[in-house]
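*Asks:* Keeping their order, the protein sequence lines are chains A and B. My numbering numbers the first residue of the first sequence as 1 and each following residue consecutively. My numbering numbers the first residue of the second sequence as 500 and each following residue consecutively.
Check before you lean on any hint, since a few could be wrong.
Stated by the list, open to error - So, partial list: chain B residues that the calculated Cβ filter (under 7 Å) puts toward chain A:
{"hint": "1", "residue": "GLY514"}
{"hint": "2", "residue": "LEU520"}
{"hint": "3", "residue": "LEU529"}
{"hint": "4", "residue": "TYR533"}
{"hint": "5", "residue": "LYS544"}
{"hint": "6", "residue": "SER594"}
{"hint": "7", "residue": "ILE595"}
{"hint": "8", "residue": "ALA599"}
{"hint": "9", "residue": "ALA603"}
Hints are computed from structural coordinates only; laboratory data are not their basis. Using N, Cα and C, we set each Cβ at its ideal position, and we do this for glycine too.
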Amino acid sequence: MHKILEALSMLRFYLINACFLLSLSVALAQTQTKTQTQKTSKQHHDHSHHKHDGHDHGAHHGHNHGSHDGHDHGSHEGHDHGSHKGHNHSHDHGHDHGHDHGDHGHGHHVNNFASDCGSPAQPVHHEGYDPTGTAIHHISDANVYTIMDMIRIPLPMIIYNKERGMEFFSSGKFHAGHHDDGHMGYKDYVLYQGNIHRITCPGFDSKGEFEVQGFDKVEIKNAEGKDIEKRYAIVNGKGYNIEQKTIWDGGMLGGGNTGFMDLSPTKNVVSMGLVSMLLFFLFRGAAKKYSGDPSAPSGIQAFLEPMFQFIRDDVAIPFLGDKHEKFLPLLMTIFFFILGLNLWGQVPFLGNVNVTGSLTVTAVMAIIVFIITNIKGNGDYWKHILWPPDTPLFVKIILIPVEIMGMFIKPLTLMLRLAGNISAGHIAILSFVGLIFIFGKAGASLGGSLTGTAIAIPLTLFMMAIELIVAFVQAFVFTILTASYLGAATEEHHHDDHH
Amino acid sequence: MIFLAGFAPFQPTPGLALWSLIIFLLFWLLMSKYAFKPMMEGLKKRETTISDALAEAQKAREEMANLKAENEQILAEAREERSKMLKEAKDTKLSIINEAKEKAKEDAIRITTSAKQEIENEKKAALMEVKNEVGMMATEIAEKILRKELKGNPEHESFVNTLVGEFNQN
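All chains should be modelled from the sequences, with the hints used to inform the complete structure.
*Replies:* Take a look at the structure:
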């Protein structure tokens with residue numbers, strides 16, 4: 001029996017590796033489309049593993065095998081979550097813990113959350129390496145500032161709770177561990193994948209801190225047939241449904257209004273603050289050298305001035321002409337804010353933050369550009385939108401809605417282009433780094449890890465070089481498009497030589 | 500949009516939106532005031548200084564060229580003046596020489612003329628003297644002859660006196 005189980009474990013190794021390679025190629029394909037088609041069910045480690053530093057997945061893996069002898073064999077894919085409800089699943093291998101083995105997936109479900117609140121549950125282990133989940137987790141905002149999964153800096157929490165009002169505390173209360181999951185909860189809040197969640201169960205009332213054994217999630221279809229993810233925190237051997245913070249997506253991107261709003265300075269906010277301050281001091285140092293008699297640039301001034309002049313001479317002046325001086329500070333602010341954050345996000349030991357790849361941040365900038373463009377838009381600009389001159393009436397009927405849509409599409413593309421490009425770059429790098437863990441898995445061997453590393457290093461280097469260019473290009477593109485929108489809105493038309 | 504469901508970086512959260520708005524606006528304000536505007540002005544000032552300096556250099560070059568042309572003109576003028584002066588001097592010299600020659604000629608003529616006059620006078624005086632001498636001698640001779648021949652003849656005596664008187668008149 002033991003030998004059979006061992007053989008099955010080995011088989012699982014190879015099948016899982018094949019799956020990982022497959023999912024990697026999917027993850028790579030996703031870097032362009034940013035789709036998340038794979039439905040992965042992520043398993044979580046229990047407390048015995050929370051001291052792991054770094055992405056020691058190989059170790060996890062081996063450990064799992066040692067301790068859960070035979071429990072997690074088989075290769076799983078296509079999680080049929082209906083099985084959690086006890087339906088349509090014939091592959092119950094008769095394990096005692098209600099273990100549910102799908103056909104090919106790389107996750108398996110230990111817990112059968114019959115009710116959202118208080119059904120028995122046990123902490124689950126990491127089940128393999130999930131490139132998509134890892135990548136998304138690493139490029140997401142978080143309530144802790146984690147550097148290389150080793151250093152975790154707690155951040156202040158500012159929560160608006162619909163029932164209790166404003167609440168202030170530190171995210172240090174959660175004692176974040178591996179994967180930024182909190183080992184402790186506070187009031188009814190827990191930290192799951194670096195983000196604050198709230199236990200929604202009415203009976204759950206903790207005035208202070210409590211221990212969290214782990215997390216689990218299942219994906220089910222809701223009444224409308226939409227896939228939704230349900231997350232559970234495991235406290236005292238019982239599973240409690242948790243809800244995420246309020247997300248302003250109108251429920252379209254898997255968010256929506258929930259019982260609380262997270263107004264904390266998150267990892268992205270802290271990065272923005274730090275980069276802004278850093279840029280301010282750099283520029284202040286350079287700007288001081290311009291007082292007094294003109295002299296040849298020196299020091300940091302000599303580094304910043306060419307970029308400044310580039311934006312002025314090749315972006316602002318061609319699009320805005322004589323009016324460029326009025327808009328130059330905004331264009332410079334946009335360029336250096338984006339560039340600074342792009343570059344900051346690429347330094348591995350600064351936390352690999354993905355600020356400019358976050359749609360919220362790019363949306364704020366795009367909205368500012370939208371507002372400024374329309375406030376500064378002159379009569380000609382509005383005339384071209386609302387009653388295009390020199391066009392026949394039937395063309396006008398087509399053109400006017402197009403022009404009005406264009407007003408909104410412009411900032412939308414600004415926002416999506418930047419966030420998409422930067423997020424894609426981060427995902428690509430994470431995927432290549434992920435190769436080390438994927439190959440390292442092969443027999444948890446040093447050889448596999450070395451092979452993975454040998455492949456990952458040149459690919460990652462290549463990608464980082466590309467991303468360095470992308471950092472400049474995207475900052476430049478956002479700025480030049482802003483300049484062109486502003487230029488179009490403030491241009492003086494002379495209808496004699498126009499059209 | 501449904502394929503983006505669960506893609507956390509694309510989920511707009513109010514906290515991040517609020518903070519990025521605050522930070523971006525603050526950054527914009529502070530950078531404009533303390534960095535970008537001084538840089539813009541400094542660069543403009545430097546560019547103006549450089550273009551001014553270039554224009555000034557151009558002007559100085561033009562001035563130099565002008566000065567050089569002027570110098571050349573002055574030199575040319577001086578050269579012309581010199582040749583004119585030389586010519587004048589030559590002319591003066593020639594005229595002086597000619598004048599002197601003329602004068603010398605005149606003087607020579609005058610001297611010659613007066614010398615001729617004097618010679619004439621001297622000749623006349625000499626001839627007169629000779630005539631007188633000859634008259635005297637002739638008279639003496641005639642007296643002697645007449646004294647011997649005409650002694651006592653008054654007619655001869657008066658005739659001789661008439662002749663002598665005629666002679667003197669000449």
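*Asks:* Hints first: check each against the structure and report whether it holds.
*Replies:* Hint check:
no. : hint   : verdict
1   : GLY514 : holds (4 Å)
2   : LEU520 : holds (5 Å)
3   : LEU529 : holds (6 Å)
4   : TYR533 : holds (6 Å)
5   : LYS544 : holds (6 Å)
6   : SER594 : violated (70 Å)
7   : ILE595 : violated (71 Å)
8   : ALA599 : violated (77 Å)
9   : ALA603 : violated (82 Å)
Checked against the numbered hints given earlier, this structure breaks hints 6, 7, 8 and 9; the rest are met.
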